[in-house]
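> Here the protein sequences line up with chains A and B, keeping their order. Residues are numbered in the working numbering as their position in the first sequence, beginning at 1, plus a constant of 672. Residues are numbered in the working numbering as their position in the second sequence, beginning at 1, plus a constant of 1.
Calculated directly from the structure, the hints in this document are not laboratory data. Beta carbons: idealized from backbone N, C-alpha and C, even for Gly. Check before you lean on any hint, since a few could be wrong.
[Stated by the list, open to error] Derived pair list, reagent style BS3-like, types lysine-lysine, alpha-carbon separation capped at 25 Å:
id	chain 1	residue 1	chain 2	residue 2
1	B	58	B	71
2	A	770	B	60
3	A	729	A	770
4	B	71	A	729
5	A	755	B	58
6	A	714	A	729
7	A	714	A	750
8	A	770	A	714
9	A	770	B	71
10	A	729	B	60
11	B	57	B	71
12	A	729	B	57
[To be verified] Okay, the calculated bits of chain A under chain B, using three or more residues with CB under 8 Å as the criterion:
id	segment
13	711-721
14	770-781
Listed below are the residues making up each chain.
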Amino acid sequence: EPEVTQTPSHQVTQMGQEVILRCVPISNHLYFYWYRQILGQKVEFLVSFYNNEISEKSEIFDDQFSVERPDGSNFTLKIRSTKLEDSAMYFCASSGGKPQHFGDGTRLSIL
Amino acid sequence: TQLLEQSPQFLSIQEGENLTVYCNSSSVFSSLQWYRQEPGEGPVLLVTVVTGGEVKKLKRLTFQFGDARKDSSLHITAAQPGDTGLYLCAGIGRAGDNTDKLIFGTGTRLQVFP
Numbered sequence: 673e674p675e676v677t678q679t680p681s682h683q684v685t686q687m688g689q690e691v692i693l694r695c696v697p698i699s700n701h702l703y704f705y706w707y708r709q710i711l712g713q714k715v716e717f718l719v720s721f722y723n724n725e726i727s728e729k730s731e732i733f734d735d736q737f738s739v740e741r742p743d744g745s746n747f748t749l750k751i752r753s754t755k756l757e758d759s760a761m762y763f764c765a766s767s768g769g770k771p772q773h774f775g776d777g778t779r780l781s782i783l
Numbered sequence: 002t003q004l005l006e007q008s009p010q011f012l013s014i015q016e017g018e019n020l021t022v023y024c025n026s027s028s029v030f031s032s033l034q035w036y037r038q039e040p041g042e043g044p045v046l047l048v049t050v051v052t053g054g055e056v057k058k059l060k061r062l063t064f065q066f067g068d069a070r071k072d073s074s075l076h077i078t079a080a081q082p083g084d085t086g087l088y089l090c091a092g093i094g095r096a097g098d099n100t101d102k103l104i105f106g107t108g109t110r111l112q113v114f115p
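Given only the sequences and the hints, what does the whole structure look like? Please build it.
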């Protein structure tokens with residue numbers, strides 16, 4: 673069964689550094705999403721992306737965050753200058769309509 | 002305040018017992034989903050309920066969507082250790098929102114002991 677793949681599985685970064693989280697969605701899907709889950713808290717929506725543009729973003733998704741689909745297969749989340757509170761599991765999801773299929777996440781640890 | 006409140010937050014039971022997990026909201030959703038998440042993995046969809054009052058069964062799991070589409074329950078019959086995991090409800094299409102984002106509940110961590 674096709675699946676969403678995310679790399680790396682774990683990313684450790686110094687505070688203030690830029691980080692790029694990568695996702696390869698399911699190949700015929702058109703809708704893409706990023707969610708995050710801070711340890712011990714619920715999964716929160718960050719952003720949705722369709723037709724090469726952001727369709728919706730949450731309050732969490734501020735100017736430090738950006739998304740891109742550079743080559744038609746990868747879907748990336750960039751955090752420009754990481755903060756301690758960015759430490760979380762980041763999940764990518766894709767959809768061909770409904771439902772959303774999730775990757776196994778990237779654990780981002782900010783030191 | 003949480004948009005989707007799940008209860009209980011934690012549940013530890015013996016193999017063979019029955020259990021019910023609740024997902025409650027003050028908002029109406031066009032549909033509601035239940036996911037199971039295991040450590041180190043992403044949420045995996047179990048079921049989607051769409052119609053108020055709808056009941057869906059998945060082997061020993063029974064899902065119900067409230068008549069008003071504000072709440073849902075997950076009932077597991079004769080729980081097994083393999084049912085251990087984090088169960089998440091997620092609402093789609095809150096009334097007034099033209100959106101497909103998932104709004105996740107607070108989660109219920111289930112541990113089933115052999």
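> Would you check the hint for residue 729 of chain A and residue 57 of chain B, treating anything up to 25 Å between C-alpha atoms as holding?
violated (32 Å)
> Are the Cα atoms of residue 770 of chain A and residue 60 of chain B separated by 25 Å or less?
holds (23 Å)
> CA of residue 755 of chain A to CA of residue 58 of chain B, is that 25 Å or under?
violated (44 Å)
> Does the structure keep residue 729 of chain A and residue 770 of chain A at a Cα separation of 25 Å or less?
holds (19 Å)
> Does the structure keep residue 770 of chain A and residue 714 of chain A at a Cα separation of 25 Å or less?
Holds: residue 770 of chain A and residue 714 of chain A sit about 21 Å apart, inside 25 Å.
> Can the restraint linking residue 729 of chain A and residue 60 of chain B be considered satisfied, given a maximum Cα separation of 25 Å?
Violated. Residue 729 of chain A to residue 60 of chain B sits at ~37 Å, over the 25 Å cutoff.
> Quick check: do three or more residues in the segment 711-721 of chain A have a beta carbon closer than 8 Å to a beta carbon of chain B?
holds (count 5)
> What's the verdict on residue 770 of chain A and residue 71 of chain B, does the C-alpha distance respect the 25 Å limit or exceed it?
holds (20 Å)
> Between the alpha carbons of residue 58 of chain B and residue 71 of chain B, is the straight-line distance 25 Å or under?
Measuring from Cα to Cα gives roughly 19 Å; hence the hint holds.
> Checking one constraint from the list: CA of residue 714 of chain A to CA of residue 750 of chain A, max 25 Å. Satisfied?
holds (21 Å)
> If you draw a straight line from the CA of residue 57 of chain B to the CA of residue 71 of chain B, is it 25 Å or shorter?
holds (16 Å)
> Against the 25 Å threshold, does the CA-CA distance of residue 714 of chain A and residue 729 of chain A hold or violate the hint?
holds (17 Å)
Going through the hint list in order, the structure does not satisfy hints 5, 10 and 12.
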